[in-house]
Amino acid sequence: MLRFVLRRLALMVPVLVGLSILLFAWVRALPGDPARSLLGEKATPDSIERINAKYGFDRPLLEQYLTYVKALLQGDLGNSIQTGEPVLQSFLDKFPATVELASVALLFAIIVGIPLGYLAAKHQGGIIDTFVVSGSLLGVVTPVFFLAVLLKLVFAEWLGWFPPALRSDARLDSTHITNFYMLDGILTREYDAAWDAFMHLVLPAIALGTIPLAIIVRITRASVAEVMHEDYVRTAEAKGLSAMTISRRHVLRNALMPVVTTIGLQAGLLFSGAVLTESVFSFNGIGQYLFTAISKLDFPVLQGFILIIAIMYSLINLLVDLAYGLIDPRVRAQ
Amino acid sequence: MSIPLPPSSGSAAVQAADPMGVDDIAGVGLWRGALRRLVRNPTAIVGAVIVSGFILVAICAPLLTPYQPGTAEWANRVSTNHVPWRDGDHFLGLDRWGSDLWTQLVYGARQSLIYGVVSTLIGLVVGTTLGALAGGFSALGGRAGIWVDTVIMRIVDIMLSIPSLLLAVSIVAVLGQNAYAVMIAIGMAQVPIFARLLRGSMLSQGKADYVLAASALGLRKRKIVMGHVLPNSIGPTIVQATLNLATAIIEVAALSYLGLGEADPAVAEWGRMLVSAQERFDSAPRLALIPGFAIAICALGFTLLGESMREALDPRGRR
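These protein sequence lines map, in sequence, to chains S and D.
Per the UniProt record's numbering, the first sequence starts with residue 1, numbered consecutively.
Per the UniProt record's numbering, the second sequence starts with residue 1, numbered consecutively.
If you are wondering where the hints come from, they were derived from the structure by calculation, not from laboratory data.
Here the structure is a predicted model, which means the values were calculated and not measured.
Beta carbons: idealized from backbone N, C-alpha and C, even for Gly.
Be aware that one or more of the hints could be misleading.
Ranges of calculated distance between the beta carbons of each label pair, as one might list FRET restraints [stated by the list, open to error]:
id, chain 1, residue 1, chain 2, residue 2, range
1, S, Val112, D, Leu30, 30 to 40 Å
2, D, Gln177, S, Leu159, 47 to 57 Å
3, D, Ile59, S, Ser282, 34 to 44 Å
4, S, Arg28, D, Val117, 31 to 41 Å
5, D, Ile59, S, Gly84, 52 to 62 Å
6, S, Arg59, D, Gly218, 34 to 44 Å
7, S, Leu66, D, Ile59, 49 to 59 Å
8, S, Lys70, D, Thr150, 20 to 30 Å
9, S, Arg3, D, Val39, 44 to 54 Å
10, S, Arg3, D, Gln177, 16 to 26 Å
11, S, Ser242, D, Gly200, 57 to 67 Å
12, S, Leu315, D, Glu73, 47 to 57 Å
Can you build the whole structure from these sequences, using the hints too?
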């Protein structure tokens, strides 16, 4: 097990080195001049030169790259050109919002998706099944931003059940420790703040979670349906085990493998959806921040953020592979 | 990742009527058999009808409406609080700029299909080339083979480690905001999917009995790979391409939604219709609902078609 983890971690190194080179090259290939974008129309050649010298953009590319990697190895992602803040710091400020949104969305998808998929498989061909399958199909084909706009219109504007935007009500002056607003509310015992944060999360999380939900439903359904016809399930039935035991110990456990893979894949994909969802709900997370960074050509922010996202994406994949071992002893043996 | 549809009652009836597998007796090939199963599947028919409907609308756009897209001819009739609905001969009403909504919608189908098809083709060509190289060299074996395979797959891994929308956004940022950039951006985001899929199925085909048989007959490795393994592995890629068309259409709209789509305002595009509708959401929600559902239904058509193609090609369905 340990050897497996170490080998996987070692395999990540060439990927990350490659990624850092690609990111570096890509960011330099962006058209336009970051200094000009910072200084605006009134920039003098002199001041542009000063900014370029400050960030080292006037030096040869190889030298720039080596400086960048050297700083990177010391945990320094550089400073934002636009705000001057350290990239790592602004990442840590914005990231909890996205993680909060993405994890609530994924949790929603898992909690609703696995039972629905299981139910559909149990009653294959029935009304529940038809309903669940067509519903999941609709979920897959509905664009995230359209769903977000619809939810906002119906539940925030018309019915007024949920707040239409932002992460929290500005009137509630709550303290933030971790920047996970819901967690902060609980930690500081400001339960109204936690509730407020939750209410702000509901609509964006549903919008973001619908596609993973639809996919989890279908994978669970297909996988459970396949396992239910396996010989060992028939054996278990013949032994007279209760339906409950069969479902839990034999069917679900074996059917979960592909579901776990899917959840891992979806967790990575949530970042793409988060950019759109965050922009509809003005949810102040990394999605929105990254988007501004691209339009403002903030090189250090782009390089830093995407690198961190890629590292996490690889780590999620590693976790998925480890989860296999926990679910299926056969994988562990290999 | 297989997302099978429920076995439809139609195909079950066919199977019951065909217990011996007439397909096999008649010696029908893989592709013809798949096509035969496809036309008997109601899901496939619904998907095909939706898709051909959109294609027809896209081709016949100028015949379906007397107006031109992107013109604000009736701008004097719309105001902040009033966007007319069923106004004279505009049966879907006007949009917020004062142009005919139906015209925008019909020409929008053209844009979505062109963008979707071209970008998927880009992804397909680049992705399958990479995948075939990796899979082929890996099947040929030897030090060089493994080396080529590893390098290509690491590059694909890197592409895969960047969320697809961010990749697309950044490519548009590099190439500038125009039709080509949008198509290349969305196509490149699909490359890793095709590359991994084709390589994977080539590797599993490489272990098939017929490869062993062919090499026992003394066929050269290169000939086996090019003449047998590759053609037999291409099926899942075609299915994936159909499914990717749905994703591509949604992603084109997403780019427009983020303000990074086609820069020419005279071009009707569903995503942009949706964005511009947001400001009139309270007074005229149909401006957002109509293009939104158009995107979803179009994506639904390609998804249904792709899923039933997958089902038809699945060897387990051939019994």
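These are the hints, each one checked on the structure:
1. S/Val112 x D/Leu30: 30 to 40 Å: holds (39 Å)
2. D/Gln177 x S/Leu159: 47 to 57 Å: Hint violated: Cβ distance 37 Å, outside 47 to 57 Å.
3. D/Ile59 x S/Ser282: 34 to 44 Å: With a Cβ separation near 40 Å, D/Ile59 and S/Ser282 satisfy 34 to 44 Å, so the hint holds.
4. S/Arg28 x D/Val117: 31 to 41 Å: With Cβ atoms ~32 Å apart, the hint holds.
5. D/Ile59 x S/Gly84: 52 to 62 Å: Taking Cβ atoms as reference, D/Ile59 and S/Gly84 lie about 54 Å apart, which means the hint holds.
6. S/Arg59 x D/Gly218: 34 to 44 Å: Violated: the Cβ-Cβ distance is about 60 Å, outside 34 to 44 Å.
7. S/Leu66 x D/Ile59: 49 to 59 Å: Since S/Leu66 and D/Ile59 have Cβ atoms about 55 Å apart, the given range 49 to 59 Å holds.
8. S/Lys70 x D/Thr150: 20 to 30 Å: Since the Cβ atoms of S/Lys70 and D/Thr150 sit about 28 Å apart, the hinted range of 20 to 30 Å holds.
9. S/Arg3 x D/Val39: 44 to 54 Å: holds (52 Å)
10. S/Arg3 x D/Gln177: 16 to 26 Å: violated (49 Å)
11. S/Ser242 x D/Gly200: 57 to 67 Å: With Cβ atoms ~40 Å apart, the hint is violated.
12. S/Leu315 x D/Glu73: 47 to 57 Å: holds (55 Å)
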